[in-house]
Amino acid sequence: MEGIIEYLESIKFVHLFMSPTIIWQSLPLLWKGFQAAAALLIVGYLLSLPAGLTAAFMKMSKNPIVRIPATFYIDFIRGTPLLVQILVIYFGFPLLMPGWREFATGPIGQISVAGIDMSQFVRAIAALVINSGAYLAEIFRAGIQSISKGQLEAARSLGMTTMQAMAYVIIPQTVRRILPTMMSEFILLFKDTALFFAVGIFELTLQARTIQARTFNMSPYIGAAGFYLMLTLPLGRLVAYLEAKLAVSETGREPENRQERKRRKAARAKEASA
Amino acid sequence: MTEQAMVRIEDLHKSFGALEVLKGVDLEVARGEVVVILGPSGSGKSTMLRCVNRLEEPTSGRIFIENDEVTDHKTNINEIRARVGMVFQSFNLFPHLTAKSNVMLALRKVKKISKEEAEQIALEGLARVGLDDKADVYPIMLSGGQQQRVAIARALAMDPHVMLFDEVTSALDPELVREVLDVMKGLAKGGMTMLVVTHEMGFARDVASRAVFMDEGVIQEQGTPEEVFDNPQNERTKDFLGHIR
Ligand SMILES: Nc1ncnc2c1ncn2[C@@H]1O[C@H](COP(=O)(O)OP(=O)(O)OP(=O)(O)O)[C@@H](O)[C@H]1O
Ligand SMILES: [Mg+2]
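Chains R and E supply the protein sequences, listed in that same order.
1 is the number of the first residue of the first sequence in my numbering; add one for each residue after it.
1001 is the number of the first residue of the second sequence in my numbering; add one for each residue after it.
Worth flagging that the hints you see were computed from the coordinates, not collected in a lab.
Hints are supplied without guarantee of correctness; some may be wrong.
As the list claims (entries may be wrong) - Listed below are the simulated BS3-like cross-link pairs for lysine-lysine, each with C-alpha atoms no more than 30 Å apart in a straight line:
(1) E:K1189 with E:K1238
(2) E:K1185 with R:K149
(3) R:K149 with E:K1109
(4) R:K245 with R:K149
Extracted from the complex, chain R is given alone in its bound form:
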C-alpha cells in the first residue's frame, strides 16, 4: 500500500492534481465544507419550494397587479448571473435590515449552522431562495399548465372546489410530471453553492481553495469534486430513471412488465412441453 502511494506521488501530474496524501489530509476540512454546502442546499431548496409555488400562481393570475411583479421577478432572476445576485443580496442585506450589526455580532448571529455563522447563513439562504424560487416558479407554472383544462373541468363538474381540484387532481399530476426537473434544479443548486466562496462562506470550494493556497497543490479541488459527485452522480441517475418511468406512464407502455410476462409464458411453455 505504502509503496503504491509512494509510486503515485512520484508521478508529477498525479502529485499535483490528485495526490492521495494531500487529499487524505484535506478530508476533515472538505467534509466540513460539504456539510456547510449541504446545509445551504437543503434549507435553501426547501424554502424555495413555497416561494416558487407562490410566484408560479402569481404569474398565472389574471390580475395584472399580481402577475406583473411575478413576471418581472422571474425574468430578472433567470436573466442575470447568480454570482451578481449573490453579491447584491449578500452585501445589500445588511444595508436594508435595521439593527443588522447588533444582530450579526449578537448571540443569535454567532450561532453556527454547519460551521457557518448565522449572520452569513441567512444572507446566503436569502440569495439561494430568491434565485431558485424563480427557476422553480417556471417549472411549477409549466407543469400546472401542461395539465389539460379538461382535468380541472371534470373535477369541478363533480362538485369539487377549486382548492380540492388543485389538491387531488392537478397538483398530484403536476408533481409526477415535474419531479425529474425539480430534482435537476436541486442538483444545480448544490453546484451553485460553490459560488458562495466569493463572499467568504466556508463551503466546500472555499475550504479546498484555502488548502490549495497553503500547499500550492490542486489536489484539494479534486477532493472537493469528489464530494460534489457523491451527491450529483446518484441523484443524476435517479433523475434519468424517473424520466424513463414517467415516459412509460405517459405512453402507457410497461416494457419491464411485458418482458416479465413473456419470460414467464415461455417458461410455462417449456414446462408443458417437457
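Fit chain E with the ligands to the given chain R structure using the hints.
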C-alpha cells in the same frame, strides 16, 4: 303548480369577448326527459351545456336546476354540480387514479362518504357500465370506450338528478361507439333526465323524447325526433340534416 322542470333555461346569452355565441336560448326539460341537441359546429351546443353547470359563466339570462337558480351567485354551485353529472368528449378521467379511485374521489371529497361505502358504490357503478373487472386498472390501459364508460360511472356515482353529455362518442373509434351508447340507452330507459349533444341519429330516434336543433346561437326548431328528422320545418334544419345524412 304543475310538475316542476328539472332544468329551465331562460333567455340565455353568452359572449366570448365580442363573439356572441348564445343569443337568447330558452329550454325547459322535464324530469325523466331525454333531450337530444343537434346543430352545426360552432352553433353553441357545448357552450349551452357548459352554462347549465356553470363551467361557463353566462353573460345574461337565468338557469334553474329543480328549485335552485344556478345563475344566482348566492347558490352553492358545488352543491348543484354534485347533482348534475357531466360527461365530456375527451373523457377527462384522472390519469393518476385507477378506474375505481376515479369514481371514488368526489364521493370521498365532495360527499364525504366513508372509504368503505365509497368503494362499494364505485364497484357497483363500474359493474353497471360492465367494467367491474377493470376497477384497479389505470385509465391509460383502457380503450376509449372503456374510459368513457368509467367517466359515465364516475358521474353517476354522485347520484345526479340530471346528466349532461357533450358529444361523448365523437372521439371514439366507430367500433367502440356502441358500447357507450348502450350504457346511455340503459340510463335513458331507467328514467334519467338527460341533455345529450350528439349526432347519433339512431340513438336519438331510439331514446330521445325531444330533439332540439340549434344554430346561430338560438334554438331553431324542436319536436319529437320523428318530427325534426323526418319533417323539418326550418330551412337550416333541413340543410343541416341533408349534410349529416
Ligand atoms: N372559451 C372560449 N373562448 C372563446 N371562444 C369560445 C370559447 N368556447 C367556445 N368559443 C366559441 O364559441 C363558439 C361556439 O362554441 P361551442 O363549442 O359551443 O360550439 P358547438 O356547437 O359545441 O360546436 P362543436 O360541434 O364543434 O362542438 C365557437 O365559435 C367557439 O370558437
Ligand atoms: Mg361542442
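We went through each hint and held it up to the structure:
no.: 1; hint: E:K1189 with E:K1238; result: holds, 29 Å
no.: 2; hint: E:K1185 with R:K149; result: holds, 29 Å
no.: 3; hint: R:K149 with E:K1109; result: holds, 20 Å
no.: 4; hint: R:K245 with R:K149; result: holds, 24 Å
The structure is consistent with each of the numbered hints, conforming to all of them.
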